[in-house]
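S.K.: First to last, the sequence lines map onto chains D and E.
FYI, our numbering numbers position 420 of the first sequence as 420, with every residue one higher than the one before it.
Add 1000 to the 1-based position in the second sequence for our numbering, that's all there is to it.
Please keep in mind that the hints were generated in silico from the structure rather than gathered at the bench.
Certain hints may be false.
Cross-link-like lysine to aspartate or glutamate pairs, in silico, EDC-like; alpha carbons within 20 Å at most [to be verified]: (1) D/LYS328 - D/GLU259; (2) D/LYS575 - E/ASP1223; (3) D/LYS584 - E/ASP1051; (4) D/LYS584 - E/ASP1223; (5) D/LYS585 - E/ASP1223; (6) D/LYS585 - E/GLU1058; (7) D/LYS577 - E/GLU1110; (8) D/LYS585 - E/GLU1110; (9) E/LYS1118 - D/GLU259; (10) D/LYS586 - E/ASP1051; (11) D/LYS2 - E/ASP1042.
Model, not experiment: these values are computed from the prediction.
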Amino acid sequence: MKILDHDIKIGDISKNHENLKISANVAQDNGFKAEFSLKNLSNTSNFVEEMELGEFDSSESLFMNNFQSWGLCTFVKPEKIFASISNMKSQLGFMATPIPEEFKNGIVSDYFIATDKEFAGFLSSEAVHPYFLWQNGIIKIKVYVGKELKPGEKIELGTLWFSQYESLEETLNEYAKRVADLNQPKTGKPVFGWSSWYHYYLDISQESFIKEMELSKTLNLNYELFQLDDGYEADIGDWLETNEKFSNGLEFLAKKVRENEMIAGIWTAPFSVSESSKLFKEHSDWVVKNENDDPLLAYKNWNKKIYALDTTNPDAQRWLENIFSALKDYGFDFFKIDFLFAAMILGKRYLNVTPVEAYRMGIETIRKAVGESHILGCGAPLLPSVGYVDSMRIGADTAPYWNDADLGKPNAKYSIRNALTRNFMNDVWWTNDPDCVMARSNDTELNRDERMVNVYTSALLNGHFLESDKLSVLSKDDVCFLKSALNFRSGISHVKFIDTERYVILSKKTINGDLISFVNLSDSLWNVKIENFSNLLNEKIDGFFVSYPSMKEANLFDSQSVNPHSILMVLHRGKRKVVREDEKKKDGRDFHYYGSDES
Amino acid sequence: MMELRHNPITDEWVLVSSDRQKRPVQPSTNTCPLCPGGAEFDRNYDLAVFDNRFPSLEIDAPDVERPTDKTFKNDPSFGKCEVVMYTSNHNSSMSRMPIGQIEKLVYVWEDRTRELAKEKRVKYIYPFENRGKEVGATLSHPHGQLYAFPFIPKRVQAMIEAEKKYHQEHEKCVICDIVESELKVHERIVYEGNHFVAVTPYFSSFPYEVHIYPKRHISFFMDMMPQEKFDLAVVLKIITSKYDSLFDEEFPYMMTIFQSPVNPIMKDFHFHIEFYPPKRDKNKVKWMASVETGTWTFINPSTPSEVAMQLRNALYVV
Ligand SMILES: [Zn+2]
Ligand SMILES: [Zn+2]
């Protein structure tokens, strides 16, 4: 491990590089903690891009992470994927990386990375974007700055934590805690809700939305949240104006949801401005520009060019605040804000701030407008959002089909994979949103096993549990399937990584109690024995195991097979400790209160 | 006035309890007396058991005035009438409660049995539940009741004698044999757990009658291993959830739990649970009328094996 070209040592290290001085203060902290800063020593302003802070040796396989919600977090063999990714580099837009140029040089892992024995992670992303670049067997520790430093100006580059590990899962937990200690996020409560997206997509209408809400009452589904997704707005950017499918407008809908005693939720993409929107026509100066001062393409979607709102522009900020104040006044209390990476693209803005600072100004503006209301971030850079969002999408969009390439595109398999690999963030940085579950057995390519992976894994991991089906097409069996899955929420789960496609979930105190689950995302059979994981289970008096949903007793030592694309769940039970408290009432009647250590 | 009176014509005891006329009816507002903070509870609870405000039996039973005529016999109404709160969640029910909550209820039933049996004058401990207005339940908050009788009730006595008779003929326990036969013919099984089996008996009195038998010969809650308690919870959950899904409504029933008498215990008694739903169909109620009440003879308008199939196919939440 080298820091600023020196072998790592406790104390101050510095390095000069073209009139810039990079300093590091290294301390021991269950490994090392290095705080970096940067100063412009010259007497001219200097636009700073990426800086190299150190390097260490790679291993054949790396645990890597993409910067934003939809990006992968998994083990990769960089040698193997380098060729294929560098072929695609022309297609890599800001959705895939804030620094597309770096993919010409190697493979990037944002915020943290682990070799087979070492873990390195930055504890915050307040001003700069920290990342790791794998290049020919070496991992370079880097940050992207992206602003002009005045003569003598100094900025903080953040703190790196570096540690050798025995258990990657435990180290990720420790890393998450360190990030939380520094950023002090408050975590919210996961919600059970309905979303319009995965059945209706853009075809959602006011009538369908209300019909679904009424049906949810008939089916006794007791959603806490009813959330309108994309499809209501006049255009991307024109959020308060509805299209012809929503004739009574947003306030009417929010009121309807509240009348049904649920939280009204709404989707927006607040940092995105479509080329066809009124907003762009009226305020083309409010978007991030390229060197020629032309609007800079952030990404393409909805068959449109999408520009990024310049969140540093005071007029744009006021507009943004007004949008969210209005939505809140309408009665919305849950804001799913999407495509957030747009605010962090590299380009010219009103203020000379870094892209990360610009992003944080944008999200801070929204937070100011919505106050204590719930914010669910999506398509968002992860580390700079800690402390600003109540919940965060941590994987690719799901889909009513299993498989696609592992590139952040919609599919059921890799969406749930990320929910497993990024479970360590849940309830520490925010509430994880593993994306929606679909209980339906028709209008889907997923078979029963695959649906069970989608629905039950999400329930077990106990992030948000947002269901997205057309309720009238659910069979009675589908409804029972969904209601049964709800019995696995409210627990605390830890995920053990077996390999990229196989995971073990250890859950405590779900509504249906403690259990161990084996998730097999692979295409082949997986033989497991509970015995091999018994050291991870709670001690229980007279413990025994019961397979779910068959409810047949299972044996610790039996080899059980987990089918491809399936989850095997085994309840861990034992003798219950039920305690009694007696009370004699004034009228002479006896009262006995019974309780237990677990639900 | 409160006492036990003996019916010499049938040799049955009757609980005379004229105070019970003042029983509460379901209040129309949302002031449930059984919710935490309601009339009965000044605190929160998970599960709870308390003395009925209007008991038919009580530990400090008032002295009775003996009848002057020797034809008649009475006794103090000694015993206990307890209300068993399944959960503090008003909108739940056995069918909707988590298995773990039902499992805890099994432990509570066990604890009540053990505690009440310490009083030597208690001869029979009988937990039960009336669900739905069709069977006279006045409060919808999920709860059951429990009576500790100072005598063995007539129908239980009939079970004991029938078991003795069967034993003499077959040299085996009657329910042990029923379980073996039902598992063999497999026509009337609604759900088979690891340790308990739910069937629509060959001899069902009610159309949707279901019995839950332990596969092993056990007489009390106290005989159950932790696995058996959990399995009983699973079977209770699945049966009541199936009941609810039958007509997509809260299915009314009487749930009766039969265990061995106490003081003294009878090891030959085979623990079991019987469900008597008053429904014949979605909108038809089967009443206890002259034949049933007067002669203890039931007319069952349906075939148990067909009902078993209907219930086997009924979906459930678990
Ligand atoms: Zn209540
Ligand atoms: Zn027996």
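S.K.: Indicate, hint by hint, whether the structure satisfies it.
M.R.: Verification of the supplied hints:
Proposed proximity of D/LYS328 and D/GLU259 is supported: the alpha carbons are some 16 Å apart, at most 20 Å. Taken as a hint, the D/LYS575 and E/ASP1223 pair is honoured in the structure, with Cα atoms around 13 Å apart against an allowance of 20 Å. Under the criterion of a C-alpha separation no larger than 20 Å, the hint pairing D/LYS584 with E/ASP1051 is consistent with the structure, at around 10 Å. Note on D/LYS584 and E/ASP1223: the hinted pairing is violated, with a Cα-Cα distance of about 29 Å set against a maximum of 20 Å.
In summary, the hint linking D/LYS585 to E/ASP1223 is not supported, as the alpha carbons are separated by about 32 Å, beyond the 20 Å threshold. For the proposed pair D/LYS585 and E/GLU1058, the alpha carbon gap of about 15 Å is at most 20 Å, so the pair holds. For a cut-off of 20 Å, the pair hint linking D/LYS577 to E/GLU1110 stands: about 13 Å separates their Cα positions. Distance restraint check for D/LYS585 and E/GLU1110: the Cα-Cα separation of roughly 23 Å exceeds the 20 Å cut-off, and the hinted pair is therefore not satisfied.
With a CA separation close to 54 Å, the supplied pair E/LYS1118 and D/GLU259 exceeds the 20 Å bound. For the suggested pair D/LYS586 and E/ASP1051, the alpha carbons sit about 12 Å apart, so the restraint of at most 20 Å is met. The hinted pair formed by D/LYS2 and E/ASP1042 fails the criterion: a straight-line CA distance of about 65 Å is larger than 20 Å.
In the structure shown, a violation is registered for the earlier hints numbered 4, 5, 8, 9 and 11, in ascending order.
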